[in-house]
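With chain A held as given, fit chain B onto it using these hints.
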Amino acid sequence: MAKQSAMRYTRTKGDKVFDVVNGVLITIFTLIVLYPLIFVINASFSDPTRIYEVPLLLWPRGFNWRGYTEILKDKDILIGFKNAVVYTALGTVINLVVTTLGAYPLSRKELKGKGFFTLFFTVTMFFSGGLIPTYLVNQQLGIINTIWVMILPGALGVYNMILMRTYFQQNIPNELVESAYIDGANDMQLLWKVVLPLSTPIIAVMAMFYGVGRWNDYFNAMIYLQDRSKFPLQLILREILIQGKFGDSANQTLQGSAQAELMMIKLTLKYSVVIISSLPVLLFYPVVAKYFEKGILVGAIKG
Amino acid sequence: MTKSRWKYFKQHKWLYLMLAVPIIFVLIWNYWPMYGVVIAFKDYSPAFGILGSPWVGLKHFKRFFHSYFFGNVMINTLRVSIYSLLVSIPLPIILALMFNEIRIKWFKSTAQTISYIPNFISVVVIVGMINFFFGTQNGAINTLLSAVGLKQIDFLGSPAWFPHLYVWSGIWQGVGWGTLIYTAAMSGIPQDQYEAAYLEGATRLQCIKNITIPAIMPTIVISAILATGGIMAVGFDKTYLLQNASNLSTSEVLSTYTYKVGIINGEYSFSAAVGLFNNIINFIMLFVVNKFAQKVGETSLW
Numbered sequence: 001m002a003k004q005s006a007m008r009y010t011r012t013k014g015d016k017v018f019d020v021v022n023g024v025l026i027t028i029f030t031l032i033v034l035y036p037l038i039f040v041i042n043a044s045f046s047d048p049t050r051i052y053e054v055p056l057l058l059w060p061r062g063f064n065w066r067g068y069t070e071i072l073k074d075k076d077i078l079i080g081f082k083n084a085v086v087y088t089a090l091g092t093v094i095n096l097v098v099t100t101l102g103a104y105p106l107s108r109k110e111l112k113g114k115g116f117f118t119l120f121f122t123v124t125m126f127f128s129g130g131l132i133p134t135y136l137v138n139q140q141l142g143i144i145n146t147i148w149v150m151i152l153p154g155a156l157g158v159y160n161m162i163l164m165r166t167y168f169q170q171n172i173p174n175e176l177v178e179s180a181y182i183d184g185a186n187d188m189q190l191l192w193k194v195v196l197p198l199s200t201p202i203i204a205v206m207a208m209f210y211g212v213g214r215w216n217d218y219f220n221a222m223i224y225l226q227d228r229s230k231f232p233l234q235l236i237l238r239e240i241l242i243q244g245k246f247g248d249s250a251n252q253t254l255q256g257s258a259q260a261e262l263m264m265i266k267l268t269l270k271y272s273v274v275i276i277s278s279l280p281v282l283l284f285y286p287v288v289a290k291y292f293e294k295g296i297l298v299g300a301i302k303g
Numbered sequence: 001m002t003k004s005r006w007k008y009f010k011q012h013k014w015l016y017l018m019l020a021v022p023i024i025f026v027l028i029w030n031y032w033p034m035y036g037v038v039i040a041f042k043d044y045s046p047a048f049g050i051l052g053s054p055w056v057g058l059k060h061f062k063r064f065f066h067s068y069f070f071g072n073v074m075i076n077t078l079r080v081s082i083y084s085l086l087v088s089i090p091l092p093i094i095l096a097l098m099f100n101e102i103r104i105k106w107f108k109s110t111a112q113t114i115s116y117i118p119n120f121i122s123v124v125v126i127v128g129m130i131n132f133f134f135g136t137q138n139g140a141i142n143t144l145l146s147a148v149g150l151k152q153i154d155f156l157g158s159p160a161w162f163p164h165l166y167v168w169s170g171i172w173q174g175v176g177w178g179t180l181i182y183t184a185a186m187s188g189i190p191q192d193q194y195e196a197a198y199l200e201g202a203t204r205l206q207c208i209k210n211i212t213i214p215a216i217m218p219t220i221v222i223s224a225i226l227a228t229g230g231i232m233a234v235g236f237d238k239t240y241l242l243q244n245a246s247n248l249s250t251s252e253v254l255s256t257y258t259y260k261v262g263i264i265n266g267e268y269s270f271s272a273a274v275g276l277f278n279n280i281i282n283f284i285m286l287f288v289v290n291k292f293a294q295k296v297g298e299t300s301l302w
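Read top to bottom, the protein sequences are chains A and B. Here UniProt numbering is used: position 196 in the first sequence is 196, and no number is missing along the way. Here UniProt numbering is used: position 171 in the second sequence is 171, and no number is missing along the way.
No lab work stands behind these hints: they were computed from the structure. On a predicted model such as this, the values are computed, not experimentally measured, just so you know. You may find that some hints are simply not true.
As the list claims (entries may be wrong) - Partial selection, computed: residues in chain B whose CB lies under 8 Å from chain A:
no.	residue
1	Trp-29
2	Ile-117
3	Val-123
4	Val-125
5	Asn-131
6	Phe-283
7	Leu-286
Claimed, not checked - If you want the footprint, here are the derived chain B segments under chain A, 3+ residues with CB under 8 Å:
no.	stretch
8	31-41
9	105-114
10	134-146
11	171-182
12	201-215
13	253-262
14	272-279
Claimed, not checked - Below 27 Å or equal to it, Euclidean Cα-Cα: the simulated DSS-like pairs (lysine-lysine) are:
no.	chain 1	residue 1	chain 2	residue 2
15	A	Lys-112	B	Lys-13
16	B	Lys-13	A	Lys-245
17	A	Lys-114	B	Lys-7
18	A	Lys-193	B	Lys-10
19	A	Lys-82	B	Lys-238
20	A	Lys-82	A	Lys-193
21	A	Lys-112	B	Lys-7
22	B	Lys-108	A	Lys-290
23	A	Lys-109	B	Lys-10
24	B	Lys-3	A	Lys-114
Think of the CB as a built atom: it goes at the ideal place given N, C-alpha and C, for glycine as much as any other residue.
Next up, chain A with everything else stripped away, as it sits in the complex:
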């Protein structure tokens, strides 16, 4: 980070060429990353008949909101959105609690058998029962097709727990802990009153990781949920975007111009639903982005 400011040397011609080439390549790369997103935003505000008038859309053509207003009328999307919010909120809270309860003890030198416990957790990063045995466990627990199967499995990400542990080890001053012990605090109070208030960056980053994972997941919903009323947004999205179904269109019998109009709505809706579904994550992203480097980078290397 400090490289730029500390550097005071005369740039040679070769250096200048290097900088220009590098700058141009990075700019092209950034545009490639951004363009698909810009395209979808533009398309979502466009008149569906005009999206493909020009091959690559640079701004909306024939501005219209239709896709967005249709979303508000689509029951499947609304319910899916609500379900996704519930699963993500509850799931992420559980993730954070379970991860913290693992990371904190493992960060304390007072814990005995730390090597064993660490091994106990990390083994699961390399060995897993696989799809079917996991399915059978959930079946045995009787949580299939309930909200619980969307929330309880996957409560602990071992890699995340290790990142958090490392963060605690490196960022909580030991004197603070010692003096709290001397004052008679137990570990629960210590965690709550001393450690967590000092750990905003890692908590923010963990919340982002877990939250995004929950919000974006369709696989668990696909295998474990049968009732449409419980489907999260991503499953509905899959029907709309990939299987080409149009939400709860009970309008199969439409004919002629109504049919054509439905097709058009369907086309815009595809773009606007992508925006709506990605919006919560993208709004949250800048808030957390500034913590990425601080919060996890340290942990990532040493962990």
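Chain B in isolation, oriented as in the chain A frame:
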């Protein structure tokens, strides 16, 4: 002695009580399924349960190895994963080196922040976007091809295009995020090394080659080992969504096959055997690559 131990426990009981929570979760959802793997060696039927179902030895494995799909699924899995490894290991390193050389601070942080964004987009949306761009009806690329007078290409329905779509959409999504770990490693390099090198007249490329790359080498090795350990783990999520009847001859990989046989056809034992085979190969790869890294350099996982 026992008294002090009791005192220790009394003072620190919360450490163990806290730890019990994640342990319970891991026992239920990680270790219990590992035990459940035994059904790969049994003829599992829900009526008898895991314990009561009869042992059948390696029957399911033999059936898988001799099945018509085996060769095809294995080749597809390896094709996609090796292709993916070859591209997804070096590209984030190159990008991170390029980021690291940017002198203008705001430009650097803007480019980095933008590059991370796709990582947070859901796989359903990614595949949706692949459809927007590569579809035959109204696909942006095909519209472009027609506009310049070229023939349209059925990207989505073509077995030959599937690996490219899979790998490069993965790069689009993950390359920026992949730089993070290297950026972190680079931020730990002492600046005076560069300054000394510049004073001696080293060019930028020489500095990258002689200072930056050696400094991030351990990180590169660890990431490469971990990535190779997942060689058979071609992600189910995206593959399944990109799959269709026309590209099945290259897009059917182990994970999608396990899902179809297991969950859809309900052949639990057979599917568990395929899954276990998958895991074993992964572990062997991890072990072999780690050994190799130990031999060649000093860095390794364990």
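Hint check results:
1. Trp-29: Given a least distance of 5 Å, the restraint on Trp-29/B holds.
2. Ile-117: Given a least distance of 7 Å, the restraint on Ile-117/B holds.
3. Val-123: holds (7 Å)
4. Val-125: holds (5 Å)
5. Asn-131: Holds - the Cβ of Asn-131/B comes within 8 Å of chain A, reaching about 7 Å at its closest.
6. Phe-283: holds (6 Å)
7. Leu-286: holds (7 Å)
8. 31-41: holds (count 8)
9. 105-114: Satisfied; 6 residues make the cut.
10. 134-146: Holds: 4 residues of the stretch 134-146 of chain B have a Cβ under 8 Å from chain A.
11. 171-182: This one holds; 4 residues, not fewer than the three required, reach chain A with a Cβ under 8 Å.
12. 201-215: Held - the stretch 201-215 of chain B has 3 residues with a Cβ nearer than 8 Å to chain A, which meets the minimum of three.
13. 253-262: With 4 residues in contact (Cβ-Cβ under 8 Å with chain A), the coverage given for the stretch 253-262 of chain B holds.
14. 272-279: That given contact holds, which follows from 5 residues of the stretch 272-279 of chain B lying within Cβ reach (below 8 Å) of chain A.
15. Lys-112/A x Lys-13/B: Holds: Lys-112/A and Lys-13/B sit about 11 Å apart, inside 27 Å.
16. Lys-13/B x Lys-245/A: violated (55 Å)
17. Lys-114/A x Lys-7/B: holds (19 Å)
18. Lys-193/A x Lys-10/B: Holds, because 20 Å separates the two Cα atoms, which is no more than 27 Å.
19. Lys-82/A x Lys-238/B: holds (24 Å)
20. Lys-82/A x Lys-193/A: With a Cα-Cα distance of about 34 Å, the restraint between Lys-82/A and Lys-193/A is violated, given a limit of 27 Å.
21. Lys-112/A x Lys-7/B: Holds, at about 14 Å.
22. Lys-108/B x Lys-290/A: holds (14 Å)
23. Lys-109/A x Lys-10/B: Holds: Lys-109/A and Lys-10/B sit about 16 Å apart, inside 27 Å.
24. Lys-3/B x Lys-114/A: holds (22 Å)
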